[in-house]
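Colleague: Build out the structure end to end from the sequences listed, making use of the hints.
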Amino acid sequence: MAFDLFLLEVVISGLMTGVMYALVALGFVLIFKASGIFNFAQGVLALFAALALYDFLSEDGWFFSLFGFTLPVWLAIPATAAIMIFLAWIIERSVLRFLVKQDQIILFMATIGLAFVLEGLGDLLFGSDVKPLNIGIPQGASDWALDTFNLYIEKLEIVAAATAAVLVIILAIFFQKTRIGRALRAVADDHQAALSVGVSLDKIWVIVWSVSGIVALVAGIMWGSKSGVQFSLSLIALKALPVLILGGFTSVPGAIVGGLIIGVGEKVAEVYLGPYVGGALENWFAYMLALAFLLFRPQGLFGERIIERV
Amino acid sequence: MFYRENGQFKSSYRADQAIFPIAQDRWFVIAVVLTAFLAVPPFIDQYWANAVILPFLVYALAGLGLNILTGYCGQVSLGTGGFMAVGAYASFKLVGLFPELNFLIVLLLSGFITAGVGMIFGLPSLRIKGFYLAVATLAAQFFLVWMFNKVGWFYDYSPTGMITVRPIEFFGVLVTGPEAGSAAKYLFTLSIVIVMALAAKNIVRGRIGRAWMAIRDMDIAAELIGIRPLMAKLTAFAVSSFYIGVAGALYFSIYLGAVEPVEAFDINRSFYVLFIIIIGGLGSVLGSFLGAAFIVLVPILLKNVMVGGMGMASGTAGHVEILLMGVLIIFFLIVEPHGLARLWQIAKEKLRLWPFPH
Amino acid sequence: MNDRTQDQILLEVDAISLSFGGVHALTDVSFDIRKGEVRSIIGPNGAGKSSMLNVINGFYHPQQGTITYQGQKRSQMKPHEAARGGIARTFQNIALFRGMSTLDNIMTGRNTQMSKGLFWQALRIGPALREEIENREFVEHVIDFLEIQAIRKTPVGKLPYGLQKRVELGRALAAEPTLLLLDEPMAGMNLEEKEDMSRFILETNEEFGTTIALIEHDMSVVMDISDRVVVLDYGRKIADGTPEEVRANQSVIDAYLGVSHD
Chain Y
0 MAFDLFLLEV VISGLMTGVM YALVALGFVL IFKASGIFNF AQGVLALFAA
50 LALYDFLSED GWFFSLFGFT LPVWLAIPAT AAIMIFLAWI IERSVLRFLV
100 KQDQIILFMA TIGLAFVLEG LGDLLFGSDV KPLNIGIPQG ASDWALDTFN
150 LYIEKLEIVA AATAAVLVII LAIFFQKTRI GRALRAVADD HQAALSVGVS
200 LDKIWVIVWS VSGIVALVAG IMWGSKSGVQ FSLSLIALKA LPVLILGGFT
250 SVPGAIVGGL IIGVGEKVAE VYLGPYVGGA LENWFAYMLA LAFLLFRPQG
300 LFGERIIERV
Chain A
0 MFYRENGQFK SSYRADQAIF PIAQDRWFVI AVVLTAFLAV PPFIDQYWAN
50 AVILPFLVYA LAGLGLNILT GYCGQVSLGT GGFMAVGAYA SFKLVGLFPE
100 LNFLIVLLLS GFITAGVGMI FGLPSLRIKG FYLAVATLAA QFFLVWMFNK
150 VGWFYDYSPT GMITVRPIEF FGVLVTGPEA GSAAKYLFTL SIVIVMALAA
200 KNIVRGRIGR AWMAIRDMDI AAELIGIRPL MAKLTAFAVS SFYIGVAGAL
250 YFSIYLGAVE PVEAFDINRS FYVLFIIIIG GLGSVLGSFL GAAFIVLVPI
300 LLKNVMVGGM GMASGTAGHV EILLMGVLII FFLIVEPHGL ARLWQIAKEK
350 LRLWPFPH
Chain U
0 MNDRTQDQIL LEVDAISLSF GGVHALTDVS FDIRKGEVRS IIGPNGAGKS
50 SMLNVINGFY HPQQGTITYQ GQKRSQMKPH EAARGGIART FQNIALFRGM
100 STLDNIMTGR NTQMSKGLFW QALRIGPALR EEIENREFVE HVIDFLEIQA
150 IRKTPVGKLP YGLQKRVELG RALAAEPTLL LLDEPMAGMN LEEKEDMSRF
200 ILETNEEFGT TIALIEHDMS VVMDISDRVV VLDYGRKIAD GTPEEVRANQ
250 SVIDAYLGVS HD
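So the sequence lines, in the order shown, correspond to chains Y, A and U. Take numbering that gives the first Met the number 0: the last position of the first sequence gets the number 309, and nothing is skipped along the way. Take numbering that gives the first Met the number 0: the last position of the second sequence gets the number 357, and nothing is skipped along the way. Take numbering that gives the first Met the number 0: the last position of the third sequence gets the number 261, and nothing is skipped along the way.
One should not assume that every hint holds.
[What the hints assert, rightly or not] Here are the simulated lysine-lysine pairs, DSS-like style, with alpha carbons at most 25 Å apart:
| no. | chain 1 | residue 1 | chain 2 | residue 2 |
| --- | --- | --- | --- | --- |
| 1 | U | Lys77 | U | Lys34 |
| 2 | Y | Lys202 | Y | Lys100 |
| 3 | Y | Lys154 | Y | Lys225 |
| 4 | A | Lys9 | U | Lys34 |
| 5 | U | Lys77 | U | Lys115 |
| 6 | Y | Lys202 | Y | Lys176 |
| 7 | A | Lys9 | A | Lys347 |
| 8 | A | Lys92 | A | Lys149 |
| 9 | A | Lys9 | A | Lys349 |
| 10 | A | Lys347 | U | Lys152 |
| 11 | A | Lys128 | Y | Lys100 |
| 12 | U | Lys34 | U | Lys72 |
| 13 | A | Lys200 | U | Lys152 |
| 14 | A | Lys200 | U | Lys115 |
| 15 | U | Lys77 | A | Lys128 |
| 16 | A | Lys349 | U | Lys152 |
| 17 | U | Lys157 | A | Lys347 |
| 18 | U | Lys157 | A | Lys349 |
| 19 | A | Lys9 | A | Lys200 |
| 20 | A | Lys200 | A | Lys347 |
| 21 | U | Lys157 | U | Lys193 |
| 22 | U | Lys157 | Y | Lys100 |
It is worth saying that the hints were derived from the structure and are not from the lab.
Modeller: Have a look at this one:
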């Protein structure tokens, strides 16, 4: 009985981490779906969002030194969202519009450059020390879970899972039902074709990167509340790759499922296999898992099968 | 006026296919090589060697390797750091196990070992392409670094986890270790890099290079005209890893002297080399050198300007450096995706017309 | 056009059916190609002509049917086997290697004829160099034949459409094919370019004896240069014979004029 419980806790802990991964992966999927760009800077965007949020909230931020007061949480979050939208606009104007017809690999490398820019900027503006992010999400273990199931689950993780679920639903509706959503799917398929039916590529990209930026903000809030706002947040971007491999690069539900599988897989491997090999399995397990997956199902669980034509 | 092909007619295919068909190019390169071999050693000092020239050579070699895989064959790889580690640790263990072995042989063997590892991690490339392949190479990257960190045999169970190079002689001259002279290190590394660059240039000009580029440009068509993707891709991984392995061995043995896997060979190293070939020019031997020069020199320049000239704190300067690197990469990708090598070509075109305006 | 009556069959496809998901690209198609002839495959858009070539080439694998090439019967072709067996082709949407020059592109066509390994390539003196020069000579013949000497060193991405098609033909010819598959080699060309292309195709057939399978929409070209014609519509064969026979065939006329099918 106790053994089962332990495994369950590990699995749940993995699921929770998985939700966090999924949140970041979601941002990737959005941008990839709508512009065919694999945005390596997604993790840094989450970091940047969290840094900006912290700045609005705390007394050692620029906002405070400029205006003399800090924003309450319910104002700070929209303010940060506005910053992310502004950032999306700048990115579109200064980078994306010049790279419209380039190869995917060039676009990918441009986003690596972008990641560096944002990282350097973030460090310069906000400093590279770890910042605690407290926006009022309940901390500590969930008493309800402890009492009812004798399981240790953090309240934060429950909130994160709920938020992710809500986000996925909103995004799914957005893509399937709205006019803009359809336009986004057109753009993802073929830039040129979308342009020729009058879809304004610039506007679309600003919208997508804004939405992605807001998703990044949510991810940043969750991760930041959990372990403080710090540079390692941006490394999560790399972890998102295996998530996307599993889930398929273009699937919103896939990002979630992929995230969960990776999260659980990692945790379980670390706990049960780790001791035999000296630990730190988490460094590479996700990638190996993704690799194994790729060999058998290159398009991921939910991705689209690519049929090549000559 | 001076840079003209007029009168330089080729009367054989052999002459037409030479590496430098234009006479002025030939003389220029010979001059550069002679200068490098004869004029530099008397003046080289430890600072220049360690800060600029040795890293330049080593990174040029690594860039060459990655260029073969990514620039010529189109297979994206983010595992360069990991493969450099393989070369470094291979050389470390080989010297430890066979101390009498000629150092050149050690380097070659390190290269071959890395080639083997590279081929294994390259097998997935038969089924997956593009980003997906990048993930496979990431798996290699993280796994290899973890392995060299955890498995004690690799670092002779040293408590710090670091490996330090033993002083090794090459035909009586010390080339590794703190006592080795800068000139010796420099000449040794230079010779290796030049020979390998020549070999690379030969390979990419021939049948195998063309097969690689065909796979890069349109792999389906390549397969349909009889090029075997399996052979071509694995060869690319093998040759590329060989070069990167030797670069890693040199990086450890001659340039740094002591390394610790996480810091020296992590994902940042992979990005570093990737940037070298993007900025230098994908699919260009010259580009690998230009990119390496750029990437090695610019941070030094920036640091001197910012910390020395503007009095910035070195931490801040580090952040600005990252920022500027990102800006430069984006700039290059937008303005000249084919990198410095293309700019060089354009300059030569202009030189043909000089001093006439058009 | 020639009136050789060799009955030696080079390629035979028998009851080939090919589908992708629910789409039936080819249904029960059978025909043969005789050695040395020019065989045209025609039909309205979407009839499955390119798919047929892809099956012969080994790019698509049919769900049913067999392919007999040079006497060997198979249920599917592997691209590599096809290439080494002497089948070369051009593509509807030009599949040249854009990063390389004309010369290099055509040299890749020689790939199956070249074999010197990595070590010699790296050294480039001796065997590899000799091989390179020999093959360069052959490729130069192809270049002369197609009259593209001036654009030898030009990166193919910079060439106009018509010249690209010619370079692609050159790459196929460089492989010294026994069977040459041409997928709409004259698409998008003006009259003069078409005449040039027809001339090259005919010369290849007459001088080198290369068997040619040709997909083409221009009826006058088809009638002029083909020995025999096979007509596809909605993935099925609806006619097979000499150009005159096919032209007079009622179902062919219906197919092109768009009479509704049941």
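Colleague: Please list, smallest to largest, the hint numbers that this structure does not respect.
Modeller: 4
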